[in-house]
Amino acid sequence: GCGKTAAMQIAFPDAENEIGHDKLTAWDMLWRPRPLPDGTIEYDPSPLNRAATHGKPFYFDEIMRTNADALTPLFSAMDGRGFIVGGNLDGTDLPVAPGFVVIGASNPLVRGAFLPDAIASRFHILTVETSEQLLVDLGLDERLLVAWRNLGAMDGGEVWKPSIREM
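Residue 1 is where the sequence shown starts when you use this note's numbering, and the numbers rise one by one after that.
In case anyone wonders, no lab produced these hints; they're calculated from the structure.
Every value quoted in this text rests on a predicted model; they were computed, and no experiment measured them.
Among the hints, a few may not be true.
List time: in silico SDA-like cross-link candidates among lysine to any residue, alpha-carbon distance up to 20 Å [to be verified]: (1) K4 with A105; (2) K4 with L126; (3) K23 with Y43; (4) K23 with A11; (5) K56 with F114; (6) K56 with A15; (7) K56 with M8; (8) K56 with G99; (9) K23 with N67; (10) K56 with H124; (11) K23 with I119; (12) K56 with D14; (13) K23 with M64; (14) K23 with R34; (15) K23 with S106; (16) K56 with A97; (17) K56 with K23; (18) K56 with N88; (19) K4 with L138; (20) K56 with V101; (21) K23 with F114; (22) K4 with R65; (23) K4 with L115; (24) K4 with N88; (25) K4 with I19.
Please model the complete structure; the sequences and the hints are all you need to start from.
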């Protein structure tokens, strides 16, 4: 709610996008099934696959809500080797074109948020926080500001605070 996705879209309008969730798998990160009228299935490249193949940024929103299996293709995609191990349909390595980068975004205080150290170490971490002054500048009703402050002060700041869009 503090503008992470909006900032990324402005910086990288050609980025491929994925939204993380706990049911996403490593296979989903690379290929998407498309049923055909004759009952067969064809596989289309996923956003990660397209970004890697075409040398575009890959924006992974809510990366910390994704299970460890789905993060597996990112290990080789982000380590500089130039390919995603076993990323092609036939199990061969999927080449990573120059220009490919991974941008991950998440709210780390969301219940269940987690990012394994092996992936987190591949990112430069930028923290974007909501400031009270921004809420004042947006003209938020004083009663909402009081509620926002109080939620942030409870239990040493460990209680959920609404995001800007929710305010």
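K23 paired with F114 [C-alpha distance capped at 20 Å]: Holds. K23 to F114 sits at ~15 Å (cutoff 20 Å).
Are the Cα atoms of K23 and R34 separated by 20 Å or less? The given pair, whose Cα atoms are some 18 Å apart, holds under the 20 Å limit.
Straight-line alpha-carbon gap K56 to A97, limit 20 Å: Satisfied, since the Cα-Cα distance of roughly 8 Å is no more than 20 Å.
Take a quick look at whether K56 and N88 sit within 20 Å of each other, Cα to Cα. 18 Å, holds
Satisfaction of hint between L138 and K4, Cα-Cα up to 20 Å: Judged against 20 Å, a Cα distance of about 17 Å means the pair holds.
Below or equal to 20 Å on CA atoms is what counts here, so check K23 against N67. 7 Å, holds
When you check the alpha-carbon spacing of K23 and I119, does it fall within 20 Å? Holds. K23 to I119 sits at ~18 Å (cutoff 20 Å).
With the threshold set at 20 Å, check whether the alpha-carbon distance from K4 to L126 stays at or below it. Roughly 10 Å separates the two Cα atoms, so the pair holds.
For the pair supplied as a hint, K56 and H124, confirm whether the alpha-carbon distance does not exceed 20 Å. Since the Cα atoms of K56 and H124 sit roughly 18 Å apart, the hinted pair holds (cutoff 20 Å).
Quickly compare the C-alpha distance for K56 and K23 to 20 Å and report which way the hint goes. The hint is violated at about 25 Å.
Taken at face value, is the distance from the CA of R65 to the CA of K4 at most 20 Å? 16 Å, holds
Does K56 pair with F114 here, judged by a C-alpha cut-off of 20 Å? 26 Å, violated
In this structure, the earlier hints numbered 4, 5, 17, 24 are contradicted, and the remaining ones agree with it.
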